[in-house]
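The lines below spell out each chain.
There are 2 protein chains.
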Amino acid sequence: MKRRSLVTLAAVTGLALAWNAHAADPLPSWNDGTAKQAILRFVEKTTREGSPDFVPVAERIAVFDNDGTLWAEQPMYFQALFALDRVKALAPQHPEWRTEEPFASLIKGDVKAVLAGGERAAGQLTMAAHAGNTTEEFAKTVSDWIATAKHPKTGRLLTEMVYRPMLELLAYLRTNSFKTFLVSGGGVEFMRPWSERVYGIPPEQVIGSSIKTKFELRDGTPVLVRLPEIEFVDDGPGKPVGIQTHIGRRPLAAFGNSDGDLQMLQWTSAGSGRRFGLIVHHTDSEREWAYDRTSPIGKLDKALDEAQVKGWTIVDMKRDWKTIYPEARTTTAKAVLTRGPL
Amino acid sequence: MKRRSLVTLAAVTGLALAWNAHAADPLPSWNDGTAKQAILRFVEKTTREGSPDFVPVAERIAVFDNDGTLWAEQPMYFQALFALDRVKALAPQHPEWRTEEPFASLIKGDVKAVLAGGERAAGQLTMAAHAGNTTEEFAKTVSDWIATAKHPKTGRLLTEMVYRPMLELLAYLRTNSFKTFLVSGGGVEFMRPWSERVYGIPPEQVIGSSIKTKFELRDGTPVLVRLPEIEFVDDGPGKPVGIQTHIGRRPLAAFGNSDGDLQMLQWTSAGSGRRFGLIVHHTDSEREWAYDRTSPIGKLDKALDEAQVKGWTIVDMKRDWKTIYPEARTTTAKAVLTRGPL
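Residue numbers (the numbering used here), protein chains in the order written: chain A, 97 to 438; chain B, 97 to 438.
Be aware that a few hints might be false.
Said to hold, decoys possible - The calculated lysine to any residue pairs, modelled on SDA-like cross-linking and capped at a C-alpha distance of 25 Å, are:
1. A/Lys-310 / B/Ile-307
2. A/Lys-310 / B/Ala-366
3. A/Lys-406 / B/Thr-231
4. A/Lys-310 / B/Thr-231
5. A/Lys-236 / A/Gln-189
6. B/Lys-308 / A/Val-321
7. A/Lys-308 / B/Ile-326
8. A/Lys-310 / B/Glu-402
These aren't lab readings, by the way, just hints derived from the structure by calculation.
Start from the sequences and build out the full structure, keeping to the hints where you can.
Next up, the structure:
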């Protein structure tokens with residue numbers, strides 16, 4: 097009885113899998129072109145048993161940049177919107193900010209004066225917005241904020257400024273037993289409260305920049321306090337370092353959109369066997385934004401040249417993507433993610 | 097047809113699962129006692145649908161210390177054995193070590209003089225053994241070494257100095273959809289090359305101490321170079337910090353054996369809902385070693401007191417474990433891990 101049940105189980109499972117494989121286009125928001133074909137070919141070659149490029153499940157690691165790769169990053173990184181909102185919300189508790197720069201200008205709404213403060217001002221605002229609380233308090237602050245935060249231009253929720261074709265790609269890779277990781281210059285604790293809901297990526301698969309934290313007992317209760325000191329910058333050459341620190345094996349596939357992703361793509365594609373590198377090129381000034389070599393945000397210059405040399409796939413957003421965002425409010429990102437081929 | 101197949105699939109799967117649940121003792125190397133019962137009760141209460149303590153699969157995180165919790169740590173941490181062997185192996189390339197301490201004493205075999213050098217000497221040996229190579233070179237060095245490294249007292253392979261009851265516990269938790277992590281004061285890159293084979297824990301679920309690494313292009317080939325500088329010490333209050341940095345959610349269960357695990361146990365057990373803390377108490381001077389409050393290695397003092405207060409489970413190795421190690425050479429650790437209840 098036992099053996100027979102198992103045989104039945106295997107047979108039925110095999111049927112279901114075979115049915116799935118041919119059931120539906122896994123990337124319906126992608127136009128049929130070289131980018132889509134390259135993705136399908138890579139997954140087929142690395143996951144089909146008997147393929148010379150076959151990779152065991154344990155080694156199927158895919159890493160994704162966030163800003164400009166999975167969600168939009170114009171007119172400024174969304175985490176900067178958070179920092180500005182946060183400083184304004186904290187202002188009543190900081191009367192000294194009324195005369196201290198860059199806070200005074202920000203509170204007056206003089207963004208130009210804030211920007212004139214350069215990196216130093218940006219650092220002060222970042223620390224004021226991110227440090228001085230516990231990890232649990234900060235997670236709640238982010239969750240509350242992102243639940244209603246809207247994009248200044250489109251009026252969409254920021255979590256609806258994610259790219260539908262990339263959500264399909266994440267789901268497609270996971271269906272093929274890839275473990276998907278975020279590897280972002282953004283703050284790791286800024287992404288974790290919503291990455292699972294929005295991208296299907298759990299907190300333990302989120303790698304990002306961080307500030308130092310300190311363990312403390314407060315009246316016997318352990319807390320992790322966030323300190324105003326940079327711990328790690330997960331950008332540029334920091335990305336392969338972050339990948340090694342957190343994952344400890346070289347990814348099979350890397351997805352980015354800017355020069356900040358160059359070293360991650362180099363590190364990934366230099367591994368042995370078949371690897372995959374992809375760059376999202378922002379070419380759609382009507383449905384999204386068009387920018388590359390000279391953009392102050394998401395600058396794509398060196399990586400665009402190297403993509404040609406190394407044979408990385410370049411996505412032309414305008415040409416390759418049928419739609420950019422999930423349908424707002426009605427079809428949520430989550431609905432796209434969980435809608436499997438069955 | 098499709099719907100019917102799925103119903104059949106579900107029915108057969110359900111049968112198989114029900115059969116599994118009652119098929120065998122998942123912890124055969126554990127004597128029936130309070131420790132074993134506490135483990136079984138915790139898993140049952142957090143994983144049974146409808147239980148008031150039910151925890152969704154995504155949140156089932158279990159963290160394990162390594163030295164003294166999953167494998168032995170006497171007469172010295174096994175990574176120290178590696179460091180000593182490594183420095184000896186590197187000595188021919190470093191003629192200056194013949195006159196430089198602590199290297200000169202080590203090469204002469206004068207361990208007492210090495211130990212007299214204290215922390216500074218230990219730091220110098222550690223860096224000499226661990227830094228100055230690339231991540232890939234270091235991983236190969238560790239893999240080669242651990243393939244043959246034997247324990248000075250038992251003569252067993254070090255990878256056979258793991259605790260069979262703990263291997264069963266790891267497998268049991270994973271069968272119940274827990275994600276198991278190593279959280280060790282040991283070097284993260286020292287554990288990763290063998291943690292998957294020996295414990296079934298993949299590199300991305302290994303958290304440990306680390307030295308700094310730097311991304312470099314060498315003749316166009318990207319490498320990560322290991323620098324002689326401490327990056328993170330994953331011990332004591334560092335453990336909750338490491339857990340937050342890598343996992344980003346509070347564990348449901350924590351397993352340790354020394355005061356170095358105290359803050360990890362505090363952090364874990366202070367979470368909401370049912371949590372589980374366990375301490376392996378080394379009480380078996382015949383089959384293993386007996387040590388606790390005054391041991392220079394694996395000192396268990398404060399955590400032993402706090403375990404009583406907090407209701408953490410204390411494993412009495414002598415009384416609670418039927419066997420300590422897997423059968424050497426014939427039954428490998430891997431065989432125990434992969435031998436499921438079917």
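Comparing the hints with the structure gives:
1. A/Lys-310 / B/Ile-307: holds, 19 Å
2. A/Lys-310 / B/Ala-366: Roughly 16 Å separates the two Cα atoms, so the pair holds.
3. A/Lys-406 / B/Thr-231: holds, 23 Å
4. A/Lys-310 / B/Thr-231: At roughly 28 Å apart (the allowed maximum being 25 Å), B/Thr-231 and A/Lys-310 break the hint.
5. A/Lys-236 / A/Gln-189: holds, 19 Å
6. B/Lys-308 / A/Val-321: Given pair B/Lys-308, A/Val-321 holds - Cα atoms ~23 Å apart, limit 25 Å.
7. A/Lys-308 / B/Ile-326: holds, 15 Å
8. A/Lys-310 / B/Glu-402: holds, 21 Å
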